[in-house]
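Novice: Given the structure of chain A, go ahead and fit chain B onto it with the hints provided.
Protein chains in written order, with this note's numbering: chain A, 1 to 397; chain B, 1 to 122.
Please keep in mind that the hints were generated in silico from the structure rather than gathered at the bench.
Mixed in with the good hints, there may be bad ones.
[Stated by the list, open to error] In silico DSS-like cross-links for lysine-lysine, where the CA-CA straight-line distance does not exceed 27 Å: (1) B/K63 x B/K78; (2) A/K77 x B/K97; (3) A/K150 x B/K97; (4) A/K150 x A/K138.
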Amino acid sequence: MNLAETLRIEGGRILATLIRYTGDFHLAEDALQEATVVALERWSDDDLPPNPGGWLMTTARNKALDRLRREAKRSAKEEEAMRLLDEAPPPPDDRDDRLRLLFTCCHPAIAPVSQIALALCTICGLSTDEIARVFLVKTPTMAQRISRTKAKIADAHIAYRVPDDHELPERLEPVLVTVYAVFTAGHHAPTGRFDARVDLADEGIRLARLLTELMPDEPECWGLLALTLATHARRGGRLDESGDMVLLADQDRSRWDHAAVAEAGEILDRQQGRRLPGPFQIQAAIAGLHGIAPSYAETDWQEISELYRTLETMQPTVVVRVNRAIAEAEVHGPEAALALLDDVDSGWHYLWVARSDLQRRLGQTSEASRSLHRALAAEMNDSDRALLERRLAELSA
Amino acid sequence: MPRYAALIYAEEPSSAPTDDEWGQVMAEYAEFSEKGEAAKVILGGEALHDTSTATTVHVEGGKGGDIITTDGPFAETKEALGGFYLLEAADLDDAIKWASQIPGAWHGHIEVRPIMEFDEEK
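Just chain A, with the same shape it has in the complex:
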């Protein structure tokens, strides 16, 4: 494991622990950054400390202490941080620190977009540029949003803790949404190759599992876990020999992780008795139906389109409508599906990809290529762009 890998795998955990000790996002980030600089000078690939993560943690802790000692005037909070840092090397408290960081990022006094942005930045170490792509905004806008959010946490004294049991249900929804955003950034990266940050998908699944341990009575926690498991189960089929992305219809289903699909199915079955369906359980059911289908054509599209219809009543978003249209095309044909997208407008490239595909199937070739051009005007990762350019070439051929 080299420095980059150590940071990718353990950076979020180290940062979470540092924030717990210092109570200060900026100080924690600066300290980790300084420790990284020292590591860059001292480590080489064949000469690593025996416990690289522990080494970074200790060095960052010392850097934070140095910085606090240099402050001429310290606030009571900084005195407390010094006392904590001085006392003992921070024990690895993986579970609690990550959850604490997650709940702090998802505090209801923080706007929903900022909650997800901050979590992607701190827990996942995504760059501002990558996060800006996720939200389809410019990088400086996102940088300002993230720095304002950190300032609000510090200035307004948002507590760094996992809420008490009785507070958990009302704090849950943004946490679920954020963990799913973490997973999605890993399953389908915002920049570079689509699988560039596959570690984040694993992190999303891990966080979802932690949430089911924290709140075993919340069906939507299980729904999120089942959704991430069933979706990620398909990762083995998404890549061809040349490293290009393969669409669902063309994937080799023998390369899917059928054990993960089965685990997701069992989880969902156990929750069904509670009769509290929510958006994550519904999406998990859809992912599960794809997972057990022997082929694209033999997929239960009828059931999937009905599930999307139900989901749309809970989440009337462009994303849900586009997915519903794709499913309905298999049940009622491309014309009916295209009509579902008539009054939809969005810069989301998959809207235009779906429209283009339906137009192509209806023989409307020039409309189909216009839609693809529209799709290509959006920001997307390199794999999506390559795929769309191949399609455009096929259309014009």
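Specialist: Same frame as chain A, now just chain B:
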């Protein structure tokens, strides 16, 4: 003698002030504070962090109802400032809990804004 609240409204700078600019503003306020305190006109006062640190609290369904918190300052024009409390609370959650018990939160909104703590005050 009648008492008055003097509420300070100003445009928020888009970027952080330089040390010089900040120093000048602080000196001007210090001058006013000294004068007002000497004349026993000023009974108290605080500087607030800017509106991006604000949280607006509303209780849906009246007393004891669901507490709705929103990021940002209170922005409606129909409701007008009707009073204020100075709260000392453990953290923002604690402050929100208290704010939600102010009757104004049941039919209106409470903007909770952190107070700036200056180094010399510690």
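Novice: None of the hints should be skipped; say for each whether it holds.
Specialist: Do the hints match the structure? See the list:
1. B/K63 x B/K78: Holds - the C-alpha atoms of B/K78 and B/K63 are around 21 Å apart, at most 27 Å.
2. A/K77 x B/K97: Holds, because 22 Å separates the two Cα atoms, which is no more than 27 Å.
3. A/K150 x B/K97: Satisfied, since the Cα-Cα distance of roughly 22 Å is no more than 27 Å.
4. A/K150 x A/K138: Distance ~19 Å between A/K150 and A/K138 Cα, so the pair holds.
Checked against the numbered hints listed earlier, the structure breaks none of them; every hint is satisfied.
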